[in-house]
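Student: For the protein sequence lines, the chains are X and L, in the order given. If you use the working numbering, the first sequence corresponds to residues 1 to 446, in order. If you use the working numbering, the second sequence corresponds to residues 1 to 446, in order.
Hints are computed from structural coordinates only; laboratory data are not their basis. Note that the coordinates shown come from a computational prediction; the quantities given were computed from them, not determined experimentally. Take these hints with a grain of salt, some might be off.
Heads up, the list lumps identical chains together, so a pair's fine if it works in one copy or across two of them.
As the list claims (entries may be wrong) - Cross-link-like lysine to any residue pairs, in silico, SDA-like; alpha carbons within 20 angstroms at most:
1. K38 <-> A319
2. K345 <-> D23
3. K345 <-> D106
4. K345 <-> P242
5. K345 <-> R258
6. K345 <-> G262
7. K38 <-> P242
8. K38 <-> A113
9. K87 <-> L409
Number of protein chains: 2
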Amino acid sequence: MPERTSVLLTDLYQLTMLQAYFDRGMGETAVFEFFARKLPDGRNFLLAAGLEQVLDFLEGLRFTEEELAWLAGTGRFHDRFLASLGKLRFTGDVEAMAEGTVFFPDEPILRVAAPLPQAQLVETRIINLLQFQTLVASKAARVRLAAPGRLLVDFGLRRAHGAEAGLMSARASYLAGFDGSSTVLAGMRWGVPIFGTMAHSFIQAHDDELAAFEHFARSHPQATTLLIDTYDTETAARALVPLAHRLAGEGISIQAVRLDSGDLGEHARRVRAILDEGGLPDIRIFASGNLDEYRVAALLADGAPIDGFGVGTRMNTSADRPYLDCAYKLQEYAGLARRKRSEGKATWPGRKQVYRRYGDDGRTAGDVLTTADDLLPGRPLLEPVMRAGRRLAAPPPLAALREYAQAELVALPEVLRGLDQAEAYPVTVAEPLRRLADAVDRRTGR
Amino acid sequence: MPERTSVLLTDLYQLTMLQAYFDRGMGETAVFEFFARKLPDGRNFLLAAGLEQVLDFLEGLRFTEEELAWLAGTGRFHDRFLASLGKLRFTGDVEAMAEGTVFFPDEPILRVAAPLPQAQLVETRIINLLQFQTLVASKAARVRLAAPGRLLVDFGLRRAHGAEAGLMSARASYLAGFDGSSTVLAGMRWGVPIFGTMAHSFIQAHDDELAAFEHFARSHPQATTLLIDTYDTETAARALVPLAHRLAGEGISIQAVRLDSGDLGEHARRVRAILDEGGLPDIRIFASGNLDEYRVAALLADGAPIDGFGVGTRMNTSADRPYLDCAYKLQEYAGLARRKRSEGKATWPGRKQVYRRYGDDGRTAGDVLTTADDLLPGRPLLEPVMRAGRRLAAPPPLAALREYAQAELVALPEVLRGLDQAEAYPVTVAEPLRRLADAVDRRTGR
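Just chain X, with the same shape it has in the complex:
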């Protein structure tokens, strides 16, 4: 985010822990990894997203004078500690899976190795950035798989959870295979193709629906999509036929009509027939309104003649599963592997790597989770992306990440590409990692 997010957008406990680390001189290298504990119910895979924003955040990490003065005023922190915060920068290393990589539970998609206070402080925002974009990209990928060949546009800014959620869901859904977004800022910031139609208010502000159509088309002669459900959908479609022919004579083309209410499949069939009989087979039908992967799949399975979908709220909020069971956990400190043993939340210790194997058909055949220094056949998914607080490469173009993500989805076993929950993809834990976990438990007497 070019707009700096305050370093105080964090949990208070990060700062109280940092003071305790400061007081005890605990500044050796800590290794944290971000991973999902399990898949959301009904899902078959996750799609990694949000890395670029994490790297932006790490490169920009610093406390302003104003923030330090406010912290001092809380009376919770002593001066020597606050002075140390003033000098704090992120100087650590990061390994990560590329954005757009398919991944599964327990597989780290990000590893941070840095002096303990730095690696600890960044926890809250790293989770905040990775969980949300990953959540939306994973949901959007399902919509993409449900609608092969159809135009898919993110329409969800208004009911996304705030500004960043709206902007980031435009990015994440494009990364996952959407064709673009209605969110203008996503176009300016990342080159996401932007799409738009018209609102009911435009029709209502005119006394006559057909006059509204004509005015809009004359203002946008090359890219007009008309919203035809404000009053009665089929009446509007019939009225549109002579208008479209008249405007075509002046070089003004109507590209599409949008349906936004009622039985979308039934309206689409009737409108298609009206347009076809009216000699307008090239006007496409675009549908929106409470759509998600299930409704899109049902409409297409039912043969609805819909060429494109505006998918909003349910995708941008991942409405059926609005959060991910994920964590950023300490795996090593001062050269010793660590693990958490809380009930139901135990983790695999140490620095890890994920190897992905492929079958003869080019499809993924299974992953192996092992220690970072283990060497196994297959493709290692975690790669170095930051050293000593600096990116190793400029951010890849979002369109390139999108192509990579599509290749990742193509490589998935067919059964995992469906909307129904399939048997879990095989992720095995290699022997060196099991031995490490045992050694950690023996060392800590558990």
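Fit chain L to the given chain X structure using the hints.
Tutor: Structure of chain L alone, referenced to chain X:
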């Protein structure tokens, strides 16, 4: 938000419609209202929130040179229109319900009256701001009602949907009656009380759990909450007893312990017994982990000795109902009332007011939705807050809004304060509004 959000954080269609309005010279006064179409399933009321951020947005509305240059580069807009955007400011009037007001479907909580292009352009961000804070405040109010007298702290920043969602959910939950948040920036920005404990990583970074407790307590001698579930909860509680007594001798007090996994009620009972038998009845028990209003209510109904709750993800994402069926609709243009008639989405036309009646017991007895110029008994809920683009008053302190919201909740009929869905609160539509709707339909021939 002091951090400016780009005016391009909007849907493309706002800008394409604005060009069409510009081309046709349509700049008369438009009136839009924001309202919920229906309650989320299982909910009995909504709590209005987000108005201050809307007013900030309206006061700061403008296009930068960089934004205009980017728009020009898209090739979608002509120069005279873009020049008009450069001069665009919000010069309209706003009426609204105070933040913290309880409201119901079809009742507008915000009305904008401004030249059509201005009132149209702000649609996306107004919905984005009001729906999210209202959603979270309404959810948080249920948690507050489920846990009378208990400490409630927002813990959800990390799994909120991005930066603004995290920050705004701290604000909205405090407004709705939470005691505070772990989000430090919410403290700096609005004076939301901030709370924090420690993470498992703090324990794990030490070789010994008890040493970790002692180090933390010495760094924060007045406000220590210790997380005791990293390895074995009861073992940690027993080990804590002699440590707490020893530290007390030095003036260092342990305020509370936190449970974050397993059967929270059962652990709380065992830990309470250990602490009481150990002569530490003043150490409070704080619980967190996948909590929402239902789980909190169940724990308390079961007699769990828990003094406070950290409530995160499920509240901040309103996980069971992660969006609100709401809209910002054109109700009047150029002096004529308007309405949308789309299937299942018809609206009441014109400028409206809501009157709330109270019973002899001081509880709310029913609302009446009517035209803005109708005068009825009861309390009018919409009040002027902005004239000609300027706030009529400085933002009220958030703590004052929180007190008001609590009074609103107290005034609810008892049955609406429960977690189960009750019979709908009575909202009647007054005769003048029905007549207006009929007149609009007659005028538009529908």
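Student: Run every hint past the structure and note whether it holds.
Tutor: Comparing the hints with the structure gives:
| no. | hint | in the structure |
| --- | --- | --- |
| 1 | K38 <-> A319 | both (18 angstroms within a copy, 17 angstroms between copies) |
| 2 | K345 <-> D23 | neither (29 angstroms within a copy, 61 angstroms between copies) |
| 3 | K345 <-> D106 | within (11 angstroms within a copy, 44 angstroms between copies) |
| 4 | K345 <-> P242 | neither (65 angstroms within a copy, 28 angstroms between copies) |
| 5 | K345 <-> R258 | between (47 angstroms within a copy, 16 angstroms between copies) |
| 6 | K345 <-> G262 | between (45 angstroms within a copy, 9 angstroms between copies) |
| 7 | K38 <-> P242 | neither (56 angstroms within a copy, 39 angstroms between copies) |
| 8 | K38 <-> A113 | neither (24 angstroms within a copy, 49 angstroms between copies) |
| 9 | K87 <-> L409 | neither (43 angstroms within a copy, 46 angstroms between copies) |
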